[in-house]
Amino acid sequence: MGNKGDFRVPVSQVPHSVPIPEDITGIGGTVSVEINEKKISVPLGTTILEACKKVGISIPTLCHHDDLCIAGVCRICVVEVEGMRTLQASCSFPITTPIKIKTSSPMVRKARRHIIDLLLSEHYGECYTCFRNGNCELQNLAKEYGVDSYTFGHIDKPRFEVDNSSYSVVRDMSKCILCKRCVRTCIDLQEVGVLEAIGRGDKTHIGTFLEKPLADVICINCGQCINRCPTGALRANDPSDAIWEAIDEPTKHVVIQTAPSPRAAIGEEFGLPAGTSMTRELNTALRRIGFDKVFDTNFAADLTIIEEGTELILRLYNALVKKGKVALPQFTSCSPGWVKFIEHYYPEYLDNLSSAKSPQQMFGALIKTFYAQQAGIDPANIVSVALMPCSAKKFECNRPEMNSSGYKDVDYGLTTREMARMIKEAGINLPEMPKSDFDSPFGEASGAGLIFGATGGVMEAALRSVVEFVTGNKTEDIFERANIIPLRGFEGIKYMEIPIGDKVGRVPDLIKHFIPDWNWLKGATLKVAVAHGTANAKKIMEDIKSGGKFSECHFIEFMACPGGCLGGGGQPIPTTPEIRMKRAEAIYAEDESLEIRKSHENPNVIRIYKEFLREGPCSHLSHKLLHTHYVKRGRYIA
Amino acid sequence: MLVLEKNAMTEEIEQLVEKYGRSRSSLLPILQDIQRKHKHIPDFAQQEIARLLDIHPVEIYSVITFYSFLSTTPKGKYIVRLCQTIACDMQGKEAVAKAIERELGIKFGQTTKDNKFTLEYANCVGMCDQGPAMIVNENVYTKLTPEKAIQILSELK
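Residue numbers (the numbering used here), protein chains in the order written: chain A, 1 to 638; chain B, 1 to 157.
If you're looking for bench data, these hints aren't it; they were derived computationally from the structure. From the three backbone atoms N, C-alpha and C, an ideal C-beta is built for every residue, glycine too. Be aware that one or more of the hints could be misleading.
Computed beta-carbon distance windows for the label pairs [unchecked claim]:
{"#": "1", "chain 1": "A", "residue 1": "Glu348", "chain 2": "B", "residue 2": "Glu14", "range": "13 to 23 Å"}
{"#": "2", "chain 1": "A", "residue 1": "His154", "chain 2": "B", "residue 2": "Asn123", "range": "21 to 31 Å"}
{"#": "3", "chain 1": "B", "residue 1": "Glu14", "chain 2": "A", "residue 2": "Glu497", "range": "33 to 43 Å"}
{"#": "4", "chain 1": "B", "residue 1": "Glu14", "chain 2": "A", "residue 2": "Glu592", "range": "54 to 64 Å"}
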């Protein structure tokens with residue numbers, strides 16, 4: 001992302017990219033260009049597409065995406081460059097000499113129209129039966145360029161079977177236009193490499209290794225490809241019909257938990273600007289749809305912090321004091337995409353992965369045990385839905401080991417997009433909803449749980465509690481307003497050291513039975529790191545393998561998706577770097593507006609350890625309900 | 001694949017990687033060597049090459065499906081590729097094709113039961129002035145007649 005030099009692909013596959021000089025005021029730093037007879041001066045190496053954006057001329061694109069490297073394959077962005085025989089793709093044409101460009105000449109218009117017609121001639125399907133209807137880049141272009149007939153015909157039979165094998169991602173390659181955004185996402189951005197162009201010429205299609213169904217190859221279900229697909233060729237496996245059925249069934253008690261990221265993004269589906277938080281409006285909307293209870297996933301996130309933080313402290317204690325053999329650094333396990341990534345590529349490091357479940361699954365187990373008990377409902381009649389920004393959560397809730405309540409802990413994972421559609425289907429305009437609160441017994445959660453949605457959030461939340469536990473000082477006294485700024489932002493890998501100092505506090509009651517005092521941490525320095533996007537995760541893992549700087553860390557947060565959950569594969573389309581930034585701002589702003597911003601201060605968390613998980617974190621019952629184990633999957637496909 | 005076969009394959013690929021280097025550009029020579037020796041590139045070999053060159057198996061599969069001289073299914077000892085483009089066609093390719101099919105007892109796209117011959121069409125082999133032309137493994141034969149083609153193949157039998 002960002003820096004194009006970061007891509008692993010060889011130079012020949014990053015066509016025509018010219019590095020923009022750092023100092024553009026020097027001689028040759030800028031170059032003048034005439035676009036539709038308007039003269040401007042741009043930094044050397046700027047592409048025609050970027051230059052046009054600067055003067056407010058929009059050029060259609062399909063294969064271009066802000067997160068990905070240049071491809072130049074769809075040709076829809078062609079423009080006329082004076083002196084050149086053929087039309088040039090503006091996305092991959094760097095301006096290095098003064099040129100004159102026409103973006104709307106008869107030749108350009110005709111070429112673009114023909115390209116659209118040709119794409120449509122092989123694009124199977126009717127728009128009204130497509131989930132991207134109204135949000136499809138190809139459909140928009142057809143509208144923009146006034147396509148009123150199929151000049152080159154229209155395919156009337158599907159060319160490929162729909163691949164329904166995965167819990168998370170559905171592939172309908174008959175709708176594919178071969179822009180290769182998914183290929184570049186999977187290989188460059190995520191380093192997973194599920195998809196590539198298979199075959200040659202008119203037989204070319206996007207496929208998996210040996211054309212196997214998606215469920216059988218090494219897919220981590222992150223859904224980033226869905227988020228970048230310009231058409232409906234990739235979509236999430238949508239459970240909304242089953243959820244409607246459960247809602248309509250009077251004997252079923254349907255509860256939903258909502259994660260912080262969808263709440264910060266769902267407004268986009270209703271025409272609101274990115275970064276408009278809809279938490280409380282959503283609560284009302286969900287109740288009106290027919291959900292019996294609306295819970296806050298952040299409560300489980302707070303619980304995760306207590307469980308995972310305790311696990312970290314125990315690992316450190318065992319390593320430093322008892323001199324036992326302990327796997328360090330500890331890795332976070334909230335991101336199901338990351339969990340599957342490490343199961344496939346680094347199975348030898350599974351011991352480092354925290355055994356704590358993700359907030360979704362913790363909550364699922366509690367809903368069908370603690371909540372069912374409290375409310376006097378037979379857990380068999382509870383249908384538990386999770387609103388997540390994520391397609392991998394659909395896979396996670398279907399993992400066979402996720403049934404510690406005796407039932408399937410979470411019945412359905414629902415993405416932000418699917419939720420928005422259900423709300424619209426119910427005839428509700430979300431932004432107009434009155435605000436309402438979450439339901440008891442879990443109620444309101446802390447800001448620490450909330451910031452799980454952004455990259456660095458889990459680490460920040462954990463530190464807010466751990467630092468306070470160990471030093472005995474208030475987090476606010478160490479970090480201004482408890483904001484741990486070095487962990488924020490969208491840099492691929494973040495690293496931070498926190499010196500503990502010589503003054504330690506009292507061991508909190510919750511974990512007193514594990515460790516007598518903090519003296520063993522005096523003068524120690526806690527080293528933590530944060531990575532988002534599995535390409536960055538891979539960098540850290542390789543560094544750990546070779547014994548580098550990160551192998552000395554104590555705790556590392558990994559998120560499979562760029563930007564963390566707020567850039568998840570289930571979030572509204574499009575998701576771009578600017579939109580991710582806005583969503584992060586919304587999440588951090590909401591965090592600051594809350595009174596309770598540390599997990600261990602959440603009264604409901606304190607209560608659940610008093611009333612239900614009486615033996616405290618990492619105890620027998622909490623291990624049964626809130627912790628899990630992992631599968632060594634390996635990188636080979638039989 | 002048996003474990004022993006797998007280990008032998010891994011060793012072979014390690015040697016090839018040693019020989020050609022670990023960069024992406026070594027991929028094609030490695031694939032060609034394996035194709036030449038095993039008459040196809042087994043699934044396991046693709047995954048091993050991917051591991052050793054630090055790329056993804058699907059990228060290797062993509063390359064194999066792109067080139068018609070690389071294949072994922074086993075081919076015969078001799079691969080007969082008859083040129084099917086227009087110049088050879090006009091100079092009597094059809095009769096040669098029928099003769100070869102009869103001689104080998106298989107259709108185009110098939111392999112004989114004894115795994116000796118695979119019969120395929122090729123697009124232009126650059127022998128338009130001397131057609132009809134065919135390639136058997138790496139040798140080019142030109143100005144074919146049905147009799148000449150049968151003779152060439154029966155010598156290989």
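Evaluated hints:
Distance hint check for A:Glu348 and B:Glu14: the Cβ-Cβ separation is about 20 Å, which falls inside the suggested range of 13 to 23 Å. A beta carbon spacing of about 29 Å between A:His154 and B:Asn123 agrees with the range 21 to 31 Å that was offered as a hint. At roughly 40 Å, the beta-carbon separation of B:Glu14 and A:Glu497 lies within the given 33 to 43 Å, and the hint holds. A hinted range of 54 to 64 Å for the beta carbons of B:Glu14 and A:Glu592 is consistent with their spacing of about 56 Å.
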